[in-house]
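K.L.:
As a plain string of letters, each chain reads:
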Amino acid sequence: MAAINRNALSDIEKILHENPSKKNWERVQSALKQSGAKYYEVVYAVGGIKREDDLRKSIVRIFDSKRKLLGELPVFSSEKKDFDGALYYLRKLVQRPRA
Amino acid sequence: MIKQNVDQLEEKSVYVIREAASRFKKIAALWSMGKDSTAMLAIARKAFLGKVPFPVIHIDNGIDFPESYKFRDDLAEKWGMEVIVAKSKIKPEISGYSCCGSNKTVALKKVLAEYGFEALIVSIRRDEHAVRAKERYISPRDRDFKWDYKNQPAEVWNSYSSKLDNKGHLRVHPLLDWNEIDIWSYIKKNKVPINPLYYSNNGYRYRSLGCTHCTVPIKSNAKSIDAIIKELESTKVEERSGREQDKEKAYIMEKLRSLGYM
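For the protein sequence lines, the chains are A and B, in the order given. To convert, take the position in the first sequence, counting from 1, and add 26; that gives our numbering. To convert, take the position in the second sequence, counting from 1, and add 1148; that gives our numbering.
Please note: incorrect hints may appear among the correct ones.
[As the list claims (entries may be wrong)] Between beta-carbon pairs, the in silico distance windows are:
1. A:Lys48 / B:Thr1383: 40 to 46 Å
2. A:Glu105 / B:Glu1159: 35 to 41 Å
3. A:Lys94 / B:Val1385: 30 to 36 Å
4. B:Val1385 / A:Glu78: 32 to 38 Å
5. A:Lys48 / B:Glu1262: 18 to 24 Å
6. B:Ser1307 / A:Lys83: 30 to 36 Å
7. A:Glu78 / B:Glu1230: 48 to 54 Å
[Claimed, not checked] Derived pair list, reagent style EDC-like, types lysine to aspartate or glutamate, alpha-carbon separation capped at 20 Å:
8. B:Lys1235 / A:Asp37
9. A:Lys48 / B:Asp1221
10. B:Lys1194 / B:Glu1159
11. B:Lys1226 / B:Glu1262
12. B:Lys1337 / B:Asp1374
13. B:Lys1336 / B:Glu1381
14. B:Lys1218 / A:Glu67
15. B:Lys1237 / A:Asp37
16. B:Lys1367 / A:Glu67
In case anyone wonders, no lab produced these hints; they're calculated from the structure. Ideal Cβ positions, reconstructed from N, Cα and C, are used throughout, including at glycine.
Let's have the full structure, built from the sequences with the hints guiding it.
P.N.:
Take a look at the structure:
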């Protein structure tokens, strides 16, 4: 398994957008910490969440301490038939302060 | 909002929790990491010499605030609580609250069936919503989690019925007579840990906490409990006005409760 570049959220984005499994979410935890990520902001699909697909269309934006956008991650984790929200894996972050 | 005597309220809540724990062998408490359920657990610790002697259930739809998850794990470790995480799935049911409603009820039914709980301690208050005002301290639910709110046992002279005829379960509501200011006064007096989302961050804070999808913050500069209490003393806005599900009409809320949703 290739090492994750601990200073680039882009690697984490790629891993999770390709396969947001629980294993991958766990795998990126230390890299997420090293990436400088501090804030999150959830952006839900237009029209709200009515079905599983709406959650797949939603994203969570990740910002550093200076509120610079580092990247966007999925809001869910899934493998085979198992589908869950994944905001638990961002529990080391805090919500982005509003302007 | 009228401030009540929190010592008297606490005394009654301790009595209700102890009564429930003594009557039911298998009992658990629901915890949303909000201020009410956390205060209830603090009261339970007082009732049982610093311990929460029953499991605590978190119904998790996966899109709670990350701060809430961290708060859950940190406090569970600090207070030595057994936390059962019941996963609820997001599915389309009724417009406006597809991630709550019957989905959370399904998750709760599964946990009750798996663990065999006879009673659940739930931290609702009568002042939160007109429908909740009809609740009893100990309130029966049938096997389908339905609530017959028109046919409830009388509760006179602090005497609570724990009879269950229909293989359902009982809901225990120790905080029924508390109001929002009482909860904050209790938290302040007893230094109860609280979810940081309740405090102001850049001019906004959460007055009521649900999941990230259905909860919106309010404009507020309250960064301390004293500031929150002062704010509440003059507010004319309902506590749950920032919760999308409660913007539905009151009769839909009643329907939800009658179906078993808290």
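K.L.:
None of the hints should be skipped; say for each whether it holds.
P.N.:
Hint check results:
Under the hint 40 to 46 Å, the C-beta atoms of A:Lys48 and B:Thr1383, about 42 Å apart, fit the expected range. Checked against the given bound of 35 to 41 Å, the beta carbons of A:Glu105 and B:Glu1159, roughly 50 Å apart, lie outside it. The hinted window of 30 to 36 Å between A:Lys94 and B:Val1385 holds, with their beta carbons roughly 35 Å apart. For B:Val1385 and A:Glu78, the Cβ-Cβ distance of about 34 Å falls inside the hinted range of 32 to 38 Å, so the restraint holds.
With their beta carbons about 21 Å apart, A:Lys48 and B:Glu1262 fall inside the hinted range of 18 to 24 Å. As the Cβ distance of B:Ser1307 to A:Lys83 is approximately 53 Å, the hint placing it in 30 to 36 Å is violated. Hint check: A:Glu78 to B:Glu1230, Cβ distance near 31 Å, so the stated range 48 to 54 Å is violated. In summary, the hint linking B:Lys1235 to A:Asp37 is not supported, as the alpha carbons are separated by about 29 Å, beyond the 20 Å threshold.
At most 20 Å may separate the alpha-carbon atoms for a hinted pair to count; A:Lys48 and B:Asp1221 meet this at roughly 18 Å. Our distance criterion of 20 Å between C-alpha atoms is met by B:Lys1194 and B:Glu1159, whose separation comes to about 10 Å. For the proposed pair B:Lys1226 and B:Glu1262, the alpha carbon gap of about 27 Å is over 20 Å, so the pair is violated. Among the hinted pairs, B:Lys1337 with B:Asp1374 is consistent with the structure: their alpha-carbon atoms are about 11 Å apart, no more than 20 Å.
A hinted pair counts as satisfied when its Cα atoms are at most 20 Å apart, and B:Lys1336 with B:Glu1381 qualifies at roughly 15 Å. This hinted pair checks out: B:Lys1218 and A:Glu67 have alpha carbons roughly 16 Å apart, not beyond 20 Å. Taken as a hint, the B:Lys1237 and A:Asp37 pair is broken in the structure, with Cα atoms around 29 Å apart against an allowance of 20 Å. A hinted pair counts as satisfied when its Cα atoms are at most 20 Å apart, and B:Lys1367 with A:Glu67 qualifies at roughly 18 Å.
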